[in-house]
Amino acid sequence: MIAAFIQRVGRVAVFLGRVLAQCGPALARPRSVVHQIYNAGARSLVIVMLSGLFVGMVLGLQGFDLLQRFGSEDALGVAAALGLLKELGPVVTALLFAGRAGTALTSEIGLMRATDQLTAMEMMAVDPLRYVVAPRFLGGVIAMPLLVAVFNVVGLFGAQLIGVQLMGVDPGAFWSQMQGAVELNDVTEGIVKSVCFGVACSLVAVHEGFTAKPTAQGVGLATTRTVVISSVLTLLLDYMLTAAFLGR
Amino acid sequence: MSEPVIKVSGLDYEVGGRSIFKGLDFEAQPGRITAVMGPSGTGKTTLLRLITGQSNPTQGRIEVFGQDVSTLDKPGLYALRRRMGMLFQNGALLTDLDVFENVAFPVRENAQLPEAVLRQLVLTKLHSVGLRGAAKLMPSELSGGMARRVALARATVMDPELLIYDEPFVGLDPISMGVIVRLIRELNEALGITSIVVSHDVGELSSIAHYSYLLSGGRAVASGTPEELRASPLEVVRQFMSGQADGPVPFHYPAPDYHAELLGTRSEP
Numbered sequence: 001m002i003a004a005f006i007q008r009v010g011r012v013a014v015f016l017g018r019v020l021a022q023c024g025p026a027l028a029r030p031r032s033v034v035h036q037i038y039n040a041g042a043r044s045l046v047i048v049m050l051s052g053l054f055v056g057m058v059l060g061l062q063g064f065d066l067l068q069r070f071g072s073e074d075a076l077g078v079a080a081a082l083g084l085l086k087e088l089g090p091v092v093t094a095l096l097f098a099g100r101a102g103t104a105l106t107s108e109i110g111l112m113r114a115t116d117q118l119t120a121m122e123m124m125a126v127d128p129l130r131y132v133v134a135p136r137f138l139g140g141v142i143a144m145p146l147l148v149a150v151f152n153v154v155g156l157f158g159a160q161l162i163g164v165q166l167m168g169v170d171p172g173a174f175w176s177q178m179q180g181a182v183e184l185n186d187v188t189e190g191i192v193k194s195v196c197f198g199v200a201c202s203l204v205a206v207h208e209g210f211t212a213k214p215t216a217q218g219v220g221l222a223t224t225r226t227v228v229i230s231s232v233l234t235l236l237l238d239y240m241l242t243a244a245f246l247g248r
Numbered sequence: 001m002s003e004p005v006i007k008v009s010g011l012d013y014e015v016g017g018r019s020i021f022k023g024l025d026f027e028a029q030p031g032r033i034t035a036v037m038g039p040s041g042t043g044k045t046t047l048l049r050l051i052t053g054q055s056n057p058t059q060g061r062i063e064v065f066g067q068d069v070s071t072l073d074k075p076g077l078y079a080l081r082r083r084m085g086m087l088f089q090n091g092a093l094l095t096d097l098d099v100f101e102n103v104a105f106p107v108r109e110n111a112q113l114p115e116a117v118l119r120q121l122v123l124t125k126l127h128s129v130g131l132r133g134a135a136k137l138m139p140s141e142l143s144g145g146m147a148r149r150v151a152l153a154r155a156t157v158m159d160p161e162l163l164i165y166d167e168p169f170v171g172l173d174p175i176s177m178g179v180i181v182r183l184i185r186e187l188n189e190a191l192g193i194t195s196i197v198v199s200h201d202v203g204e205l206s207s208i209a210h211y212s213y214l215l216s217g218g219r220a221v222a223s224g225t226p227e228e229l230r231a232s233p234l235e236v237v238r239q240f241m242s243g244q245a246d247g248p249v250p251f252h253y254p255a256p257d258y259h260a261e262l263l264g265t266r267s268e269p
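Residue numbers (my numbering), protein chains in the order written: chain W, 1 to 248; chain Y, 1 to 269.
Keep in mind that a hint or two might mislead.
Below 30 Å or equal to it, Euclidean Cα-Cα: the simulated DSS-like pairs (lysine-lysine) are [said to hold, decoys possible]:
#1 Y:74 - Y:22
#2 Y:7 - Y:44
#3 W:213 - Y:74
#4 Y:44 - W:213
#5 Y:44 - Y:74
#6 Y:44 - Y:22
#7 Y:7 - Y:74
#8 W:213 - Y:22
#9 Y:22 - Y:7
Simulated from the structure, these hints should not be mistaken for laboratory data.
Please take these sequences and the hints and turn them into a complete structure.
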C-alpha cells in the first residue's frame with residue numbers, strides 16, 4: 001500500500017512536470033488561458049461570494065461573543081481580518097473551488113477521454129497536455145488567488161455587517177484596529193496559501209480527469225476523487241504552511 | 001508488388017496477462033483499401049491502436065511507411081501521424097468547437113496557413129462531404145451520420161497518405177452508411193489514399209475493399225479478396241461471412257453445465 005502510494009505520488013509529480021513544460025506554449029495563447037480563468041474563476045464567483053458573506057457573518061457573531069467576554073469587542077475587526085486573510089479565506093475558497101471548478105475540470109477532461117477526443121488530438125499530432133490540460137491548470141492557478149481576494153472582501157463586509165451594524169461595535173475602532181494590526185506578512189501568508197492551494201487543487205483536478213477510466217463510472221469516480229483528494233490536500237498543506245509561517 | 005505502407009509481422013500483444021494477438025501478420029498495400037474484419041472482441045480496434053503507436057506490442061514488429069512504430073519517440077510519432085488520418089467510431093469531434101473549427105483544428109495546430117487559405121481548404125473539405133452548409137453548427141447539433149462525415153473531412157484536411165477508419169458504419173442509417181461507403185471509395189480512387197477499414201459489416205466492406213483480413217483467436221485466420229474469402233472452405237470464415245450464430249465462434253460464453261446449474265447441483269454461480 002505504501003509502495004502504491006509512493007508510485008502514485010511519483011506519477012503525479014511526473015505529470016506535473018509534463019504540464020509545467022507545456023505551460024509556456026499554453027501562455028503563448030492567452031485567449032484560451034483567459035477562457036479557463038473565466039470558467040474556473042468567474043463561474044465560481046456566486047458561490048464564493050455567498051459563502052464569504054456567511055462565513056464573515058458567522059465570524060462576526062462568534063468573534064463578538066468571544067471578545068466581549070474580555071471586554072475587547074473593539075478588536076473584532078482585527079480578529080475577522082486575520083482569520084479571513086490567513087486561514088478561512090484560502091482554505092474555504094480552496095474547498096469550494098474543489099467542489100465547483102475542480103469537479104467541472106475533472107469531468108470535462110474525463111469525458112473528453114471517454115469520447116476519444118484526447119486520442120483524436122494525439123492522432124492529429126496535437127499534444128492534449130498542451131491544448132487541453134495546461135490552459136485549464138493555469139486557469140485554476142490564476143483564478144484561485146483572485147477568488148480568495150473576493151472571498152476575503154465579502155467576508156470582511158459580512159463581519160462588519162454583524163459586528164458594527166447589528167452588535168454595535170464602533171466602526172472607527174473596527175476599521176482602525178484592523179488597519180493597525182494587520183501586517184504585510186499576514187497578507188503574504190494568505191497569498192502564498194492561495195497560490196499553493198490553487199496549484200494543488202488544479203493539479204488534482206486535471207490529473208484525475210486525464211487519467212480517468214474512459215467509462216461513465218470511471219469519470220464519476222475520478223470526479224469524487226478530485227473532491228476528496230483536493231480537500232484533504234488543502235487541509236494538510238494548510239497545516240504545513242501555517243507551521244512554516246509561524247516558524248514552528 | 002510495391003513496398004507495403006503497413007507491415008505487421010509476428011505480432012504478439014498481451015494486456016493484463018490476456019493474449020490479444022499471437023503471431024499476427026498483416027500488410028496494407030499503397031493505394032488500396034484493406035479491410036480488417038472479425039467478430040467483436042477479436043482486437044480489431046486494438047490492432048489500429050498498435051499501428052498508430054498508441055500501444056506497444058509485446059513482441060513483433062510494426063512498420064508504417066518503413067518506420068518501426070514502437071521505437072519512435074514522441075516527435076517521431078507525431079511526424080508519422082501527420083501523414084495519417086483517422087476516423088473514430090463516434091467521430092470524436094471536439095465538443096467545444098463548431099464544425100468549421102473542428103475541421104480547421106489539425107491545420108491550425110500543425111501548419112501556419114493564412115486565414116483565407118485555411119478557410120478555402122476547410123470549406124472545400126466540408127463541401128466534399130456535403131456539409132459546407134453545416135460549418136457553423138456545433139457537434140451536439142449533428143446527427144451521427146453528419147458527425148461521422150465532419151470527422152472524415154477533418155481526417156482528410158491534412159491530405160494524409162494513410163486513412164484509418166475504425167468501425168465507420170456503426171449505428172448509421174442506410175442513407176448515411178451509403179454516403180460513408182461512397183466517400184471512402186471516392187477518397188481512395190481520387191486521391192490514391194491507402195485505407196484501412198476496420199468493421200464487421202461484411203456486406204459494405206466487400207463492396208469497397210480490395211483485400212480483406214479476417215481476425216479470430218489472435219491471428220489472421222484468412223485473407224484475400226472479398227471473393228476469395230466468400231469462397232473459403234474454412235468454417236470460421238464461412239460462419240462469419242454468412243452471419244451464423246453458432247460455430248467455431250461459439251454463441252455461448254464459456255459457462256458451467258446448464259442443467260446442473262439450473263438444478264442447483266453446482267455451488268458456483
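Cross-check of the supplied hints:
1. Y:74 - Y:22: Distance ~27 Å between residue 74 of chain Y and residue 22 of chain Y Cα, so the pair holds.
2. Y:7 - Y:44: It holds: about 16 Å lies between the C-alpha atoms, which stays within 30 Å.
3. W:213 - Y:74: 23 Å, holds
4. Y:44 - W:213: 20 Å, holds
5. Y:44 - Y:74: Holds. Residue 44 of chain Y to residue 74 of chain Y sits at ~24 Å (cutoff 30 Å).
6. Y:44 - Y:22: 13 Å, holds
7. Y:7 - Y:74: 21 Å, holds
8. W:213 - Y:22: 27 Å, holds
9. Y:22 - Y:7: 16 Å, holds
Comparing the model with each numbered hint stated earlier shows that all of them hold.
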